[in-house]
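Visitor: Next come the chains, spelled out residue by residue.
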Amino acid sequence: MSDTAANVNAAETEYEPVVGMECHAELLTNSKMFCGCRNEFGGEPNTRCCPVCTGMPGALPVMNIQAVEHVMRTAIALNCSINPHAKFDRKNYYYPDLPKGYQISEYDIPIGVTGWLDIEVNGQPKRIHIRRVHLEEDTGKLFHVAGDESFVDLNRSGVPLMEIVTDFPPDIQSAEEGREYLTRLRSILTYIGVCDGKMEEGSLRCEPNVSVRPVGSNTFGTKTEIKNLNSFRSVYKGIEFETQRQAELLRKGERVVQETRGWNDTRQVTFSQRSKEGEEEYRYFPEPDLVPLHINEDWIERVRASMPELPDARRARFISEFALPPYDAGILTDTRAVADYFEETARLCGDAKTTSNWVMGDLAKLLNASGTEIGASPITPAALAEMIGLITDGTISGKIAKQLIEEMYATGGSPKTIVEEKGWKTIKDSGAVLAAVEKVFAANPNIITDIKVKGLVGKRGFLVGQVMRETQGKADPGEVNRLIDEKLAD
Amino acid sequence: MSELIHLSALDLRDKIANGAVSAREAVTASLQRIEAVESRVRAFITVTGEQALAQADKIDAMRSAGETLPPLAGVPVALKDNMCTRGVLTTAGSKILHNFIPPYNGTVVSRLVESGAISVGKTNLDEFAMGSSTENSGFHTTANPYDLSRVPGGSSGGSAAAVAALETPLALGSDTGGSIRQPASLCGVVGLKPTYGRVSRYGLIAYASSLDQIGPFGRTVKDCALLLNAISGHDPMDSTSTDVPVPDFAATCGESIKGMKIGIPTEYFGAGVSAEVAAAVRTAIAQLTALGAEAEECSLPSTEYALASYYIIAPAECSSNLARFDGVKYGLRSSELAGHIGLTEKSRDEGFGREVKQRIMIGTYTLSAGYYDAYYKRAQQVRTLIRKDFERAFEKYDLLVTPTAPGPAFKVGEKADPLEMKLADICTIPVNMAGLPAISVPCGMVDGLPVGLQIIGKAYDECTLFRLAHAYEQSTGWHKNSPVL
Amino acid sequence: MALTREDVKKVALLSRLELTEDEIDTQIGPLNDLLKQFEALQQLDVTGVEPTSHSIPVVNVLREDVVKPSLTRDEVLANAPESREGCFVVPRVIAD
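Protein chains in written order, with our numbering: chain A, -17 to 472; chain B, 808 to 1292; chain C, 477 to 572.
The set of hints was computed from the structure by calculation and includes no laboratory data.
Heads up, none of these hints are tricks.
Partial pick of chain B residues on the chain A-facing surface, computed with a CB cut under 10 Å: (1) C891; (2) L904; (3) P909; (4) Y1009; (5) G1010; (6) A1013; (7) L1018; (8) D1045; (9) S1046; (10) V1135; (11) L1144; (12) G1146; (13) L1150; (14) Y1183.
If you're wondering where the values come from, they're calculated on a predicted model, not measured in any experiment.
A virtual CB, placed ideally from N, CA and C, is assigned to each residue, including glycine.
Can you make the complete structure from the sequences, with help from the hints?
Guide: Listed below in structure tokens is the structure:
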């Protein structure tokens, strides 16, 4: 093959990404990892600090049991083995937001190892293998203010932080899979109550490392790590951008440089980040201020017993128990809050599919529009169940229900009261409906002719619509159909 | 009033408790003695006279009110300046902490307050407790009260000298490789390193976390036992503090030592230990046998590797423990403008002394990738061998007896070679590596300088150690010596 | 194996110590003396010997997840060489 041919070949090569995921989750605990300071987001700088989390001379760490158990929960949920003998180590490096000059972390014996997480992209199931789940402490925050100074706030210093790393060789091979992995992971973490999953507040952070290789190859290229991704969208876009950037470099015959790249959300590009000055050399060694963790089967079982049903199990149960379509079950089990809301409503009203339609449809739309979490919905599961009951027993029509749910959402009122006040009950009085039917027939002689003479039965729907309009949607649809059919048969 | 300074802590406490002496008188006597001898001894970095008197008045008020007094009520005590004291300058003997005022009390400090003991000040030490002479202090060198041209030992040289010079009857030190026992030996006082985990390290500015332990100095064994009782016990703020019962140590002083089995490890009498010291220790052993103990030679074969492995482990931990001194949150910040990395580099360069820098660098080096297994891990394995040596010996013996230091106090400036200086801890280091308790009691004089006997016990068995040390002390009377100042 | 001046500089950077040339001169000897002393350990057979990182056989020391009072902000910042607006102040750190 001549040089030219090789170049042409290179320029045309199709590349696919290979993605490893490193995620950090701040754990939902009352207090920090190694001291009693409150674990909370935001607030005035340096107001949740003590000798331990500010690294004062003489201060010593003591492990928070809740944080350890949260990592065990996660390890269980991700099908990991739990190391019977785990330990903490010091990761030594200097940075102004790291008050002790080392981060307490787990180096060679993490709490959880070798697990997996199943995802589904375009109907294709895929197993993403997890290498490790470990516990460490978060750093403080640096603010880069104008001028030649930076400010240090240590409120976040010592917040329990869990790291979840996918296995090598990586299973994730597209931006879509990357996003789906993160979605599933977030769903699990929030389900089991170990993390609030708020990417925008940094309580869930994701750093994918991306390399590309010719499609069909099983070698690995040089990887880059992407930082500062703070939404699912940016994770997707970041992986996609890196894939294309690297593929272009290779097609041009250039090399990919192993480096950390930041994500610029405004410009939707990654950019080379200056690596921390000085050599990266963490000098790990066992943390002498903490004693080892011995995790026996009893402890694991106690933690397992305290865990809620996981998303996959719940999804399967929703399909079998409530006869929901897999699509519905998937969406409804995406977060624990939605699943809890759905399940409570469905149990109260006894009609799962209708509940699913309302929760995924009108209610989701209303919540979205006002940026409200389902847990804070003005419509309680009991109220929604009552509303569905009104439809089922024919008190209101489905059409009225669409107005009713908006009113319930706006006022927080009970559906029965609103229906009463607004006079939205279905007209059960045949006489009133018949009057409306007759009025519509009289007003549309041509349509009647089209149906009766020309056999254009498709136009019958128009008549139904007109009658419903005439009755402001309150007529019982069954009754309307029956009367129209009778009249047409005349 | 000056006779008060000669009293043991126990006697002073009893006199305060029965009203013969007020706490104010006791503290005043201590402060006056400090005033009289400090210009020569220089045991203290900070003296907190006013605070001490205020606390004494509280004790006296309690007594007037008929309240029960805590066990050390009114007894003056000195604290090594690497223990955090709320509102009181705490330097660790380093310029990098020349202005550090902790917002919290270390656990031992809180416990001392509860025990009624009254701190009169903070004592000098080798910077961050790294050294064996106090010559490495960032502030000044403390003198040996027995010969002012000589060192008091270290790193807790200030505390040892304060007790020897009758400035206080009691003091606290910390011991990482011998920093309580070696200066106790050189200053002719009693000093004990408790079992690792017996006393909380919370608030002790760390040198080497897995080896550091706080312990008492006194002029008698029983005084040390009293002070150890006041500071011992589980602390939820220190994960390495052990949740085991604390016996009444003082009560065991006076029990017979008949039939007690004592091992004499031959390795501790080898090269480096002066003939005079060895002879004094042999005489002491003969005395113990005369008191009914059974002594026998034994071997701790891994001893020769203890020093090397200690000088891997301790500096490695120190390189990490001292990383927090970065000029950001407290302590010295260089005035040179050089960006945040330069700021840390320059602050540390200005703030740390030569020995500390050396240990930080050797520790950083041995922990580096590629060297970890050859140095740090191997040293930890040697540590296991040392521990097992002791375990084997303790299957046979109740206690082991050795010299505390290879020689008596040396001249200031005499040991310029850092390696030679490090040999001063050759008899004490293995004990820290194994986490065991050990005490040094005066056992003679060589050329007018005190020599100490080291007694090593089983983990958490300080009682047996106190029994033997007390019996020995009472039968000899070396503890009645005091320097002429 | 002996450290060169370059090695010492590298270790000093990792240790965040800015050593003058003179200081390197005074440190390099003692550092190499120590390393030489460590060589004794290399001859020892430690095959199968577990390392001891803690001299006490204690495991699972954990505390309940309970909030305790923090220091006041004034206490947190009282020893800071420089602080403003409730924060520690450092020379500008390049954003990353």
